[in-house]
Amino acid sequence: MDKSKHYRILVVDNEPDLVSAFKIGLEDNGFIVDAFEDPEVALSNFKADLYDLLLLDIKMPRMNGIEFYRQMKEIDEKVKVCFITASELYFYEEITKEVFPELGVSRIIRKPISIDDLVEYLKEELGTIRCC
Amino acid sequence: MEFADEVRHLDGLKANFSVSETEYLASASLSQQQKQQPTQQVQQVIYSNVKDIVEQQKYVFESFWNRAMPAEQRIREIEEGIEPEFYEVIVDRENATQILVDLSKSLKKEALFLLPNDKSIVRIDKIGIIDYLIKASQNEGTGAIMIICPISEVNSEIIKKVSENAPNIRIVNGNDSPYGMYIVDGHAFRAELKEPEADNFSEAIGFSVYSNRKNTVDFFKSVFELLWNERKLNEELIKTGKMQEEFINVASHELRTPTQAVLAYSQLVQKHPEKTEEMIQAIYRNAKRLQRLTNDILDVTKIESKTFKLNKTHFSLNDLLSSVVDEYKENIDKANIKVRLLHNEIDNEFFLIEADRQRITQVVSNLLDNAIKFTKGKVEDVEVIAKRESKKVDREIVVVNIKDTGSGIDTEILPKLFTKFVTKSETGTGLGLFICKSIVEAHGGKIWAENNTDGKGATFNFSLPLNKQSKQQGQQKQQEMFGGCQVS
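Those protein sequence lines, which keep their order, are chains A and B. Throughout the first sequence, residue numbering follows this note's numbering, covering 12 to 143 in sequence. Throughout the second sequence, residue numbering follows this note's numbering, covering 82 to 569 in sequence.
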């Protein structure tokens, strides 16, 4: 657990119940977590080189996760991103066309996922060497 | 020889001849073109008194005579502007192009075009035909302008131009066909497609046929109609397929999201005794959300498979509205939502209905949920009113209005509000109002919605037929309730 202690994660999900569940669950496992229900607010507070990983919901009102990803990349090119979604992926053609080739299928987490599995997953992602 | 003082009219004769009992005389001019020389007219005269030839030509004359119409009739037709029937095969492609241009230019009532491939609309646009159609569509009195055309990137610009400038012109996506068909105001023009990739209309077509014969035009029209209906059906099926796909996406999102919450909190609750109550609340909230969705999906399945059954009893709608409203008031207070719920009970009105109590409760709850959901934020009112309306002497109805002061209904979705999967909300499946409509209609009532005329919020209304004895029983019930207490 020591290893993950200093990792800082940003969670963006429009479901208040999920935002707080992810925040509590990840904090229990030693991560430092900032969490937002509103993607626009999250983006306006976003700073480069602050986070080790972003956990982004896809289907959100006003700004979906992909749009958030695009705008966020302009600010921080290097940060790792994992999408987490309850949606059917084929519905988001833009993901399969644009984001998949960039991120790889492994960076998409399907809801529902237990907190333990989610932690495991994020640790794996953070353990990998940064590609760029 | 018998003399007949009758003159008849016949179109399209290429020669002159006369025939009597014993003689045959004919003249014809032939155009003869020789190399490097101007065209020369060659006059021919044929004379015969051979019996067989005379007999044969008499037979030819009679067949013409029988096809011809009395001259008086033709004169009348000319005076009335009636065009004689024709059926022409046109080989000259420039001529064919001109015919189509002229037809489109003169369009008054109806145009039905079957375009053979995606480039066809580009070709006919080049010779101004699309602009003529657009112009005609803007005139009052122009009827249907319908185009069946394979739609692709090749013609998207023109399709866009048509839909922007002439919403009355209807276009459906078609398949490639070996010919183009153009029916304009009782004229039918059909051109074979010889060079599908050609840039110009006259280069693309082979021979064509042009006619105003009623039978021909009717036949072309029926072919067009068959194709149109087939293409329309196809479009509907694609739309249904897309809607199903969207439903699967919405339903799976709506199923997995609360499941995620239940899964996460049931794990967390063990580690966080200090937050037990809060987390159990969250589990309960999300389990309820799952329950609602499950019920909605089951209801829709029942509606669609026509196994939706009502369990009707006689009860007072007043009581039902009061108890639903009271329950909501309690929940609003608990959840600290800034909505004021008003229920105006009209004095001395009692609405006895024969209905499925649980289903009507579901309708009222759904409409109230929506009203509250879209009113959240500041202190606003949601009003529930029931009033009697009589359509006919023997048919009285009660109309329930649920009026809010929220954000109103998006004008884009207003026309299809009660259709499945229509929602602007991120947390809805778009099933609720569809189910409400099905419930109300199963009771013989109607449901409708409108944005309030004062520009603030929306009103949802539904009607239900009143039980015939509603009035008498209402009075009776009032007497039962108040009779004994009345002070005389």
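Because the hints were derived from the structure by calculation, they are not lab data. There's no promise every hint is true.
Stated by the list, open to error - Short, incomplete list of chain A residues facing chain B, as computed with Cβ under 7 Å:
{"no.": "1", "residue": "GLU26"}
{"no.": "2", "residue": "PRO27"}
{"no.": "3", "residue": "LEU29"}
{"no.": "4", "residue": "LYS34"}
{"no.": "5", "residue": "ILE35"}
{"no.": "6", "residue": "GLU38"}
{"no.": "7", "residue": "GLY41"}
{"no.": "8", "residue": "PRO123"}
Stated by the list, open to error - Straight-line distance between alpha carbons at most 25 Å, and here's what the computed BS3-like set of lysine-lysine pairs gives:
{"no.": "9", "chain 1": "A", "residue 1": "LYS34", "chain 2": "B", "residue 2": "LYS356"}
{"no.": "10", "chain 1": "B", "residue 1": "LYS454", "chain 2": "A", "residue 2": "LYS70"}
{"no.": "11", "chain 1": "A", "residue 1": "LYS70", "chain 2": "B", "residue 2": "LYS356"}
{"no.": "12", "chain 1": "B", "residue 1": "LYS415", "chain 2": "B", "residue 2": "LYS454"}
{"no.": "13", "chain 1": "A", "residue 1": "LYS70", "chain 2": "B", "residue 2": "LYS320"}
{"no.": "14", "chain 1": "A", "residue 1": "LYS70", "chain 2": "A", "residue 2": "LYS58"}
{"no.": "15", "chain 1": "A", "residue 1": "LYS34", "chain 2": "B", "residue 2": "LYS352"}
{"no.": "16", "chain 1": "B", "residue 1": "LYS207", "chain 2": "A", "residue 2": "LYS70"}
{"no.": "17", "chain 1": "A", "residue 1": "LYS70", "chain 2": "B", "residue 2": "LYS369"}
{"no.": "18", "chain 1": "B", "residue 1": "LYS369", "chain 2": "A", "residue 2": "LYS34"}
{"no.": "19", "chain 1": "B", "residue 1": "LYS454", "chain 2": "B", "residue 2": "LYS387"}
{"no.": "20", "chain 1": "B", "residue 1": "LYS189", "chain 2": "B", "residue 2": "LYS132"}
{"no.": "21", "chain 1": "B", "residue 1": "LYS295", "chain 2": "B", "residue 2": "LYS320"}
Cβ coordinates follow ideal geometry from the N, Cα and C atoms, glycine included.
*Would you list, in rising numerical order, the hints stated earlier that this structure does not obey?*
Failing hints, ascending: 2, 4, 6, 7, 11, 16, 19, 20 and 21.
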